[in-house]
Amino acid sequence: MKTKNLIQRQTNLPAHVIQFCRFLRDNNFVIGIGEECDLLEVFTHFIPASFGEQKDLYKSILVKNRKQFVLFDELYQQYWTELSRAEDSKTKDKEEKKLQPQKSADQKNTLQVLKKWLHGGHVDEEKEISTYSAFEAISNKDFTTFLTGEQKELLEIIKIISQRLANKYSRRYIRSKSKKQIDLKKTIRQSLRKDAEINQFFFKEQQKRKVNLVLICDVSKSMELYSQFLIEFMYSFQQAVHQLRTFVFSTRLVSLSNVLKDGDYEKVLNNLSDQVPYWSGGTRIGESLQQFNERYASRMLNKDSIVIIMSDGWDTGDLDVLENAMKSIHKKSDRVIWLNPLAGNPEYKPSTKGMEICLPYIDVFTSAHNLESLKSVVKHLKQKKYKPKFS
Amino acid sequence: MEKNKSINNIKNLLLEQSYISDDAIAMSIHLAMFLKKPLLIEGPAGVGKTEIAKVMSKALNTNLIRLQCYEGLDANQAIYEWNYQKQLLYLKMNEQADLSYNEKEETIFSDDFLMERPLLKSIMAEESQVLLIDEIDRADEEFESFFLELLSDWQITIPEVGTRKAKSIPFVIVTSNRVRELSEALRRRCLYLWIDYPTFEKELEIVQMKLPEINEKLATQICHFMEEVRQLKLEKLPGIAETIDWATALSSMHIDHLEKEIVESTLGVILKDWQDIRDAQMSLSELLDKVGVTSKMG
Numbered sequence: 001m002k003t004k005n006l007i008q009r010q011t012n013l014p015a016h017v018i019q020f021c022r023f024l025r026d027n028n029f030v031i032g033i034g035e036e037c038d039l040l041e042v043f044t045h046f047i048p049a050s051f052g053e054q055k056d057l058y059k060s061i062l063v064k065n066r067k068q069f070v071l072f073d074e075l076y077q078q079y080w081t082e083l084s085r086a087e088d089s090k091t092k093d094k095e096e097k098k099l100q101p102q103k104s105a106d107q108k109n110t111l112q113v114l115k116k117w118l119h120g121g122h123v124d125e126e127k128e129i130s131t132y133s134a135f136e137a138i139s140n141k142d143f144t145t146f147l148t149g150e151q152k153e154l155l156e157i158i159k160i161i162s163q164r165l166a167n168k169y170s171r172r173y174i175r176s177k178s179k180k181q182i183d184l185k186k187t188i189r190q191s192l193r194k195d196a197e198i199n200q201f202f203f204k205e206q207q208k209r210k211v212n213l214v215l216i217c218d219v220s221k222s223m224e225l226y227s228q229f230l231i232e233f234m235y236s237f238q239q240a241v242h243q244l245r246t247f248v249f250s251t252r253l254v255s256l257s258n259v260l261k262d263g264d265y266e267k268v269l270n271n272l273s274d275q276v277p278y279w280s281g282g283t284r285i286g287e288s289l290q291q292f293n294e295r296y297a298s299r300m301l302n303k304d305s306i307v308i309i310m311s312d313g314w315d316t317g318d319l320d321v322l323e324n325a326m327k328s329i330h331k332k333s334d335r336v337i338w339l340n341p342l343a344g345n346p347e348y349k350p351s352t353k354g355m356e357i358c359l360p361y362i363d364v365f366t367s368a369h370n371l372e373s374l375k376s377v378v379k380h381l382k383q384k385k386y387k388p389k390f391s
Numbered sequence: 001m002e003k004n005k006s007i008n009n010i011k012n013l014l015l016e017q018s019y020i021s022d023d024a025i026a027m028s029i030h031l032a033m034f035l036k037k038p039l040l041i042e043g044p045a046g047v048g049k050t051e052i053a054k055v056m057s058k059a060l061n062t063n064l065i066r067l068q069c070y071e072g073l074d075a076n077q078a079i080y081e082w083n084y085q086k087q088l089l090y091l092k093m094n095e096q097a098d099l100s101y102n103e104k105e106e107t108i109f110s111d112d113f114l115m116e117r118p119l120l121k122s123i124m125a126e127e128s129q130v131l132l133i134d135e136i137d138r139a140d141e142e143f144e145s146f147f148l149e150l151l152s153d154w155q156i157t158i159p160e161v162g163t164r165k166a167k168s169i170p171f172v173i174v175t176s177n178r179v180r181e182l183s184e185a186l187r188r189r190c191l192y193l194w195i196d197y198p199t200f201e202k203e204l205e206i207v208q209m210k211l212p213e214i215n216e217k218l219a220t221q222i223c224h225f226m227e228e229v230r231q232l233k234l235e236k237l238p239g240i241a242e243t244i245d246w247a248t249a250l251s252s253m254h255i256d257h258l259e260k261e262i263v264e265s266t267l268g269v270i271l272k273d274w275q276d277i278r279d280a281q282m283s284l285s286e287l288l289d290k291v292g293v294t295s296k297m298g
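Sequences listed follow chains Z and H, in order.
Mind the numbering: the first sequence is residues 1 to 391 in the working numbering, read in order.
Mind the numbering: the second sequence is residues 1 to 298 in the working numbering, read in order.
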């Protein structure tokens, strides 16, 4: 909890109300002048009978969502505790010296780990179950040896994928030039101008609406082999679809959308090391997805959302947690697409316990370890093109 | 200066309509009425969000205008629509009449040809109404923008005839089950209230108020059981509505206490998902132990 502004004892009501609102703003409440005016207006007509009633009054006006609703009581208590300790508003408290967060050695280590993850993580290559032969054509080449020059082609494929996914038919209608469905209302409306003689038909069609895309990538040790591709995939996807929300996880989840939006790839790589402290860590898919559900799902997932998970499915966490998390994501979103780099191997079977548990909650399960496999993802999406869920 | 009596008044008003509220609910309703702002109520399904609007309309002795939201809901269904058939008929009947184009247009775009939908209807009423916008999270985001003009300025603009200002300001209750997050613009125009599952004491009070004839032991066991069921990791947790349904069902069967067999055979009244029923059946003995019900052996 933050208290950027010192809490001081106030002698008049408006100053007190404003101070409390500022305190809440410091704690990420969005409070405007309108709310402050509402509070002052209420206080001129209404005297709360108790501490609890006063709290309810503030809460009704200043809280705007559930998160704030839960947090409010604690903040309110804290505010009054601070206030009771505070001196008179004229006496200034000693300001606490803010400790400058020192760049820890951990952060430097993180950069090293990311670099290793990106460029030096091929040590155990032979041990991995993947993939297509390294002697095949470029399009079948594994992304572990993916060249930056091919990034353009990757971007093109991702653009096609995102276009396939980006739209969904809405129940809303818009005017149309194609003569599929007559817009009776507009036809009649226009005929009114000509003495109710219908001599021209107007048409309508279902509106296409944007789909929310969420990309969740596994950056654990077992995915090290595909590190180069993974970073480029995330970067290209974010560049192609600006509204995409990107997350990575190994043992916990981190949002990377803002980092990946930067146009400079080198800068992105540098920033990634600051943001994700555990490249090549262990894998806790369940806990990470549960974290996504708790923090982000309510805002990001709805029936217009498609969740793309890129992981090999090797999980060392609690399988019940994984199942519940997948179940919840599947229920809240329109579609779950799982891209598994190991699935590029023709002999691969999703037989790990983690993967087996996830399969019932996956709508599309396919490989994505090189350009060729990404192209097949496009074909797959073409076959499953959206149709309205109603007649 | 108005004293805090108003909070108790609201509690009593709700109680008269058999709705047991608490301080937070009464305060939110009081402030929404005082500030003439919509009240946005969120919470799990079946905790009594919609019921507040219903009881408030009865308590205030006014009409309840309800707009049930769904995906694809548009202005024609929520605000107003022109009666095209009637307009067409009018024009056909007056084909030979000596009326200019402007005269015809003025006539067919007048109040006689305007069909008021819930939002317009609520502000054009002479006396203040209760407007319930139910499950707004089911409507798409574009629809929220229709509300913004109404909620901030209490007016609706109809392109053909101009702006209609409210004759009376309705008491607006907006409910949401949080299927999707609502826009900040809408939230900022509303007061906010979260209603959670009730405490054991409150739920018992509700059951006894709704079903005065129910056996006290049965009511207590039901509420304890529901409290325990809500601790399970279920797909859909049962709300107060389910508790009342279950209590009504058991009471109508003249049952005066819970037994394992009865609970097992009536689980479908409180749980609406096959997997949830299965999970509850698996931990039924444990649940009943916690409630203090022992199953008959043999």
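In case anyone wonders, no lab produced these hints; they're calculated from the structure.
All values reported here derive from a predicted model rather than from experimental measurement.
Be careful, since some hints might not be right.
To be verified - Derived lysine-lysine pairs resembling DSS-like cross-links, with alpha carbons at most 30 Å apart:
id	chain 1	residue 1	chain 2	residue 2
1	Z	Lys-208	Z	Lys-186
2	H	Lys-236	Z	Lys-332
3	Z	Lys-185	H	Lys-233
4	Z	Lys-194	H	Lys-86
5	Z	Lys-67	H	Lys-121
6	Z	Lys-204	H	Lys-86
7	H	Lys-202	H	Lys-11
8	Z	Lys-303	H	Lys-233
9	H	Lys-54	H	Lys-202
10	H	Lys-92	Z	Lys-179
Here is what the structure says about each hint:
1. Our distance criterion of 30 Å between C-alpha atoms is met by Lys-208 of chain Z and Lys-186 of chain Z, whose separation comes to about 20 Å.
2. About 13 Å separates the Cα atoms of Lys-236 of chain H and Lys-332 of chain Z, which keeps this hinted pair within 30 Å; it holds.
3. Simply put, Lys-185 of chain Z and Lys-233 of chain H have alpha-carbon atoms about 49 Å apart, too far for the 30 Å limit, and the pair is violated.
4. With a CA separation close to 16 Å, the supplied pair Lys-194 of chain Z and Lys-86 of chain H stays within the 30 Å bound.
5. Between Lys-67 of chain Z and Lys-121 of chain H the alpha-carbon distance is near 34 Å, which puts this suggested pair outside the 30 Å criterion.
6. For the hint pairing Lys-204 of chain Z with Lys-86 of chain H, the CA-to-CA distance comes to about 23 Å; that is within 30 Å, so the pair holds.
7. Taking the CA atoms of Lys-202 of chain H and Lys-11 of chain H, the gap is about 14 Å. The hint holds against a cut of 30 Å.
8. Distance restraint check for Lys-303 of chain Z and Lys-233 of chain H: the Cα-Cα separation of roughly 23 Å lies within the 30 Å cut-off, and the hinted pair is therefore satisfied.
9. Note on Lys-54 of chain H and Lys-202 of chain H: the hinted pairing holds, with a Cα-Cα distance of about 20 Å set against a maximum of 30 Å.
10. Of the pairs offered as hints, the one joining Lys-92 of chain H and Lys-179 of chain Z holds, with about 27 Å between alpha carbons and a cut-off of 30 Å not exceeded.
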